Amino acid sequence: MHSDVKTRTRDLIKILESADNSPYIGEPVSQLEHALQSAFFARTRFKSTTITLSALLHDIGHLLANGHDQMDDLGTLEHEGVGARYLKSLGFSDAVCHLVQSHVLAKRYLCFRKKGYHQGLSPASEQTLMWQGGPMNLDEAMRFEDDPWFETILALRMIDERAKDPTLTVPGLTDYAPVIEEHLAKNIRGGEYVIG
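The numbering of the sequence shown is the numbering used here, which starts it at 401 and goes up by one.
The set of hints was computed from the structure by calculation and includes no laboratory data. Being a predicted model, the structure only gives us computed values, none of them experimental. All residues carry an ideal CB built from backbone N, CA and C; glycine is no exception. Each hint should be verified, as a subset may be incorrect.
[Unchecked claim] Straight-line alpha carbon distances no greater than 25 Å define the calculated DSS-like cross-link-like pairs of lysine-lysine that follow:
#1 K488 - K515
#2 K564 - K514
#3 K515 - K447
#4 K414 - K586
#5 K406 - K586
#6 K447 - K488
[Claimed, not checked] Now the in silico label distances, taken between C-beta atoms and shown as ranges:
#7 R513 - K586: 31 to 39 Å
#8 Y517 - D494: 22 to 30 Å
#9 D411 - Q519: 38 to 46 Å
#10 Q519 - S418: 31 to 39 Å
#11 T567 - D546: 38 to 46 Å
#12 G533 - D565: 22 to 30 Å
#13 R543 - E582: 31 to 39 Å
#14 K515 - R562: 14 to 22 Å
Let the sequences and hints guide you as you build the complete structure.
Structure (structure tokens):
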């Protein structure tokens, strides 16, 4: 396997490991626990590497705070875009990057479309919603519904909400390192990205 892929994987795993000491903004789990629970639920439901990696890495932008604007003490502003750009720079597929980029849109969409959803947000999620643009309007919602990944993005949002259980034990990062390596190896060819 290309040594650059191993280096990129190792560096990403280090960032994720550092999240074990980072509280997940206003929730009873760490950033790492949230990521691992999200990946576990996605892998169990979808059996898809793309979706599992998207779930594992959806909040990576919060862990790349240096040089990025913050939402007071609520994490990195536009963390979904920060994360998607970072993952693209590593060689992740367009699909993984798109799902990471879109997960906040799902929250905004559900606050607009689903009765009672907004009221059910945790206090931290309610606060970040305002930084993220608030509930969608009708035009935004209709455009979002046209996304080919629409149903998957909504499912990932539901997983995101569920992955906050301080009593749940799930597989650790060692389960995902080979998956990340394989994904990057398939998407990087001599510095060129392959769509996938």
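Outcome of the hint check:
1. Distance check on the hinted pair: K488 and K515 sit about 35 Å apart at the alpha-carbon level, beyond 25 Å; violated.
2. Distance hint between K564 and K514 is fulfilled; the C-alpha atoms sit about 21 Å from each other, no more than 25 Å.
3. A distance of roughly 30 Å separates the Cα atoms of K515 and K447; the hinted pair therefore is violated under the 25 Å criterion.
4. With a CA separation close to 22 Å, the supplied pair K414 and K586 stays within the 25 Å bound.
5. Distance restraint check for K406 and K586: the Cα-Cα separation of roughly 13 Å lies within the 25 Å cut-off, and the hinted pair is therefore satisfied.
6. Between the alpha carbons of K447 and K488 the distance comes to roughly 22 Å, so the proposed pair stays at or under 25 Å and holds.
7. Checked against the hint of 31 to 39 Å, the C-beta distance between R513 and K586 comes to roughly 35 Å, which is consistent with it.
8. The hinted window of 22 to 30 Å between Y517 and D494 holds, with their beta carbons roughly 29 Å apart.
9. Remark: the range hint 38 to 46 Å for D411 to Q519 is upheld by a beta-carbon distance near 40 Å.
10. Distance hint check for Q519 and S418: the Cβ-Cβ separation is about 34 Å, which falls inside the suggested range of 31 to 39 Å.
11. About 39 Å separates the C-beta atoms of T567 and D546, a value consistent with the hinted range of 38 to 46 Å.
12. Restraint check, G533 to D565: a C-beta distance of roughly 28 Å satisfies the suggested window 22 to 30 Å.
13. Evaluation of the 31 to 39 Å hint for R543 and E582 yields a pass: the beta carbon distance comes to about 34 Å.
14. Distance hint for K515 and R562: a CB-CB separation of about 20 Å, consistent with the stated range 14 to 22 Å.
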